[in-house]
Amino acid sequence: MVDRSDNHREGASLRAAGAEMTAPEVDLWFAREVLPLESVLMQFLQHNWRNASDISDLRQEVYVRVYEAALERIPDRPKQFVFATARNLLIDRVRQGNVVPIEAASDLEALEIAADAPGPEHIAIARDDLRHLQSAIDRLPPRAREVILLRRIHGLSRNEIAQRMGVAEGTVSQHLAYALRLLTDALYGEFPDVRRKP
Amino acid sequence: MTAPERATDIETQAAEWIGRRELDNWGEDDNRALKAWLDASLAHRVAFVRLETGWKRTERLAAFRTPMREQQRIEHAKPGWTLLFRAIAATAVIAVVAAAAATYMVRDNTREFSTPIGGHEVITLTDGSSVELNTDTVLRTRGRFAELVKGEAYFQIKHDAQHPFIVKAGGHSVTDLGTAFIVRNDPNKLTVRLVEGRARIDAANDKGQGAVLTPGDVAVASQGALSVRKASVQQLEDNLGWRRGVLVFDRTTLGEAAAEFNRYNREKLVIADPAAARLTIGGTFPSGNVALFSRVAQAALNLHLETRGADIVITGPTKTSAKTSE
Numbered sequence: 000m001v002d003r004s005d006n007h008r009e010g011a012s013l014r015a016a017g018a019e020m021t022a023p024e025v026d027l028w029f030a031r032e033v034l035p036l037e038s039v040l041m042q043f044l045q046h047n048w049r050n051a052s053d054i055s056d057l058r059q060e061v062y063v064r065v066y067e068a069a070l071e072r073i074p075d076r077p078k079q080f081v082f083a084t085a086r087n088l089l090i091d092r093v094r095q096g097n098v099v100p101i102e103a104a105s106d107l108e109a110l111e112i113a114a115d116a117p118g119p120e121h122i123a124i125a126r127d128d129l130r131h132l133q134s135a136i137d138r139l140p141p142r143a144r145e146v147i148l149l150r151r152i153h154g155l156s157r158n159e160i161a162q163r164m165g166v167a168e169g170t171v172s173q174h175l176a177y178a179l180r181l182l183t184d185a186l187y188g189e190f191p192d193v194r195r196k197p
Numbered sequence: 000m001t002a003p004e005r006a007t008d009i010e011t012q013a014a015e016w017i018g019r020r021e022l023d024n025w026g027e028d029d030n031r032a033l034k035a036w037l038d039a040s041l042a043h044r045v046a047f048v049r050l051e052t053g054w055k056r057t058e059r060l061a062a063f064r065t066p067m068r069e070q071q072r073i074e075h076a077k078p079g080w081t082l083l084f085r086a087i088a089a090t091a092v093i094a095v096v097a098a099a100a101a102t103y104m105v106r107d108n109t110r111e112f113s114t115p116i117g118g119h120e121v122i123t124l125t126d127g128s129s130v131e132l133n134t135d136t137v138l139r140t141r142g143r144f145a146e147l148v149k150g151e152a153y154f155q156i157k158h159d160a161q162h163p164f165i166v167k168a169g170g171h172s173v174t175d176l177g178t179a180f181i182v183r184n185d186p187n188k189l190t191v192r193l194v195e196g197r198a199r200i201d202a203a204n205d206k207g208q209g210a211v212l213t214p215g216d217v218a219v220a221s222q223g224a225l226s227v228r229k230a231s232v233q234q235l236e237d238n239l240g241w242r243r244g245v246l247v248f249d250r251t252t253l254g255e256a257a258a259e260f261n262r263y264n265r266e267k268l269v270i271a272d273p274a275a276a277r278l279t280i281g282g283t284f285p286s287g288n289v290a291l292f293s294r295v296a297q298a299a300l301n302l303h304l305e306t307r308g309a310d311i312v313i314t315g316p317t318k319t320s321a322k323t324s325e
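Protein chains in written order, with numbering that gives the first Met the number 0: chain C, 0 to 197; chain L, 0 to 325.
Bound-form chain C, shown alone (with noise of 0.2 Å):
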């Protein structure tokens, strides 16, 4: 069965019915369909969750499930797939009780919202995925701004780029790290903080 709900004809030819998936296999559906998701996963966990501090861990443990099940099968809505396992995952915290239950009892309501939405941010970063990556840079402090952009747009050495920064060497991996992870926050889950009740 290769039906899906969306339809990226690219995605076909990874699909074999039921086979097993390998990890890049997978690794390219989760980039592709998952990620997109992420800002409207982290509105739905935040949403739904008292405890902003929590909030990193869930969405990866929500990623760590939507992957382990690709690797058995890619699901046929990613979209759906990713909220139930979402839904889920917050259950199973309230039924264990080592944390703060579910904050509103509308959380079903908001999955439904959620996943029926039409994901118009996913269509909106494939088209315009450049004017997206520009956004996310600018809004990145200026240090962070700098390495990926001396990097990636000069293509500078390490040496090269802690010369320019006027850092040491053996730290420029560092910095880029750094960079990378605010950035990739603010290509993907960059959510904003005014969803919480007081």
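Don't take every hint at face value.
If the Cβ cut is set under 10 Å, some of the chain C residues that face chain L in the computed set are [unchecked claim]:
| hint | residue |
| --- | --- |
| 1 | 22 |
| 2 | 58 |
| 3 | 60 |
| 4 | 65 |
| 5 | 66 |
| 6 | 67 |
| 7 | 76 |
| 8 | 80 |
| 9 | 83 |
| 10 | 88 |
| 11 | 131 |
| 12 | 151 |
| 13 | 157 |
| 14 | 179 |
Calculated cross-link-like contacts (lysine to any residue; reagent style SDA-like; alpha-carbon spacing at most 20 Å) [said to hold, decoys possible]:
| hint | chain 1 | residue 1 | chain 2 | residue 2 |
| --- | --- | --- | --- | --- |
| 15 | L | 55 | C | 134 |
| 16 | L | 55 | C | 28 |
| 17 | L | 267 | L | 235 |
Calculated directly from the structure, the hints in this document are not laboratory data.
Glycine included, C-beta positions come from ideal geometry on N, C-alpha and C.
Take the given structure of chain C and dock chain L to it, following the hints.
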């Protein structure tokens, strides 16, 4: 059940792996260590895939350093970028520190250095002069004499008034008068770009007096003919982009850009459509990444790509609207 690692810790580690792989000396041991880390937990793998995807998306930035529409838009939108672009553009490229690892052989005091396609090496001569070899290049040296058998090299010569340094190529000769210059030996023509100091060029079989070049001069010598024009500092710097592994295009036709990429790569970029070959493109691109350049060109110029064997063939503009996916 053991307590799971915190997501932020995993993310920090994943980002460090990517940073190290991108910038540090990366060997087989590192690869193995990374693989072990990835295999240790799905959480590691997922965090890595996520950040790696983010990093790959920045490949597109190569398109930004262009005088084309994109950059102008950025400059209007964001003063911070403008300043940075200017700062980068204004700073001269610092010499690359690298060991002389070019393959070479010694025969009766003549040393021969060569680089493969995509190669780049810095060699230091006994007199302290240094020569950087670009892709697919063969250079023979003997004392203060060098022959560029093929390819391209950037010479930074220790000046010695008593013993001028002479570079021969294709019957032409360049005589250093205290100099840094680029020599590129193409079939049927030799191009010399003077970066610093002065040098003299004499074309093969030229009846004229040759020419003394000053910084910014670009001399093109062919059989019996020599022409000299002036290039801007920016153009010279762009022409030295290969020293840091990039090709810089500015309103370059796709045909010329493909020819440049093909100097550096075994997989060839073929422009099958003459109209497409005349389209122009700008930007800075890693010279070893034909696929990236093709994707950017495809998106910017709305082209149709296909792969044939190891080659990428541009068959013309897409008929339908630009929805081709990477």
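With 10 Å as the cut and Cβ atoms as the points, is residue 67(C) at the interface with chain L?
-> holds, 6 Å
Hint check: 10 Å Cβ-Cβ cutoff, residue 66(C) to chain L = holds, 5 Å
Hint validity - residue 151(C) Cβ closer than 10 Å to any chain L Cβ | Holds, about 4 Å.
Mind checking the CB of residue 60(C) against every CB in chain L and telling me if the closest is under 10 Å?
-> holds, 8 Å
Per-residue hint verdict: residue 157(C), partner chain L, C-beta under 10 Å = Check passed: Cβ of residue 157(C) comes within 4 Å of chain L, closer than 10 Å.
Interface hint outcome for residue 83(C) [beta carbon to chain L under 10 Å] | violated, 18 Å
Answer holds if the nearest beta-carbon of chain L is closer than 10 Å to that of residue 65(C); otherwise answer violated.
-> holds, 8 Å
Can we keep the residue 58(C) interface hint, with Cβ of chain L closer than 10 Å?
-> holds, 7 Å
Given the hinted pair residue 55(L) and residue 134(C), is their alpha-carbon gap at most 20 Å?
-> holds, 16 Å
Any CB of chain L closer than 10 Å to the CB of residue 22(C)?
-> Result: holds, 7 Å to nearest chain L Cβ.
Compare the distance between the alpha carbons of residue 55(L) and residue 28(C) with 20 Å, and conclude whether the hinted pair is satisfied.
-> holds, 15 Å
Is the hint on residue 88(C) kept, meaning its closest Cβ partner in chain L is under 10 Å away?
-> Where the cut-off is 10 Å and the nearest Cβ of chain L is about 12 Å from residue 88(C), the hint is violated.
Hint compliance for this structure: hints 7, 8, 9, 10 and 17 are not met, and every other hint is.
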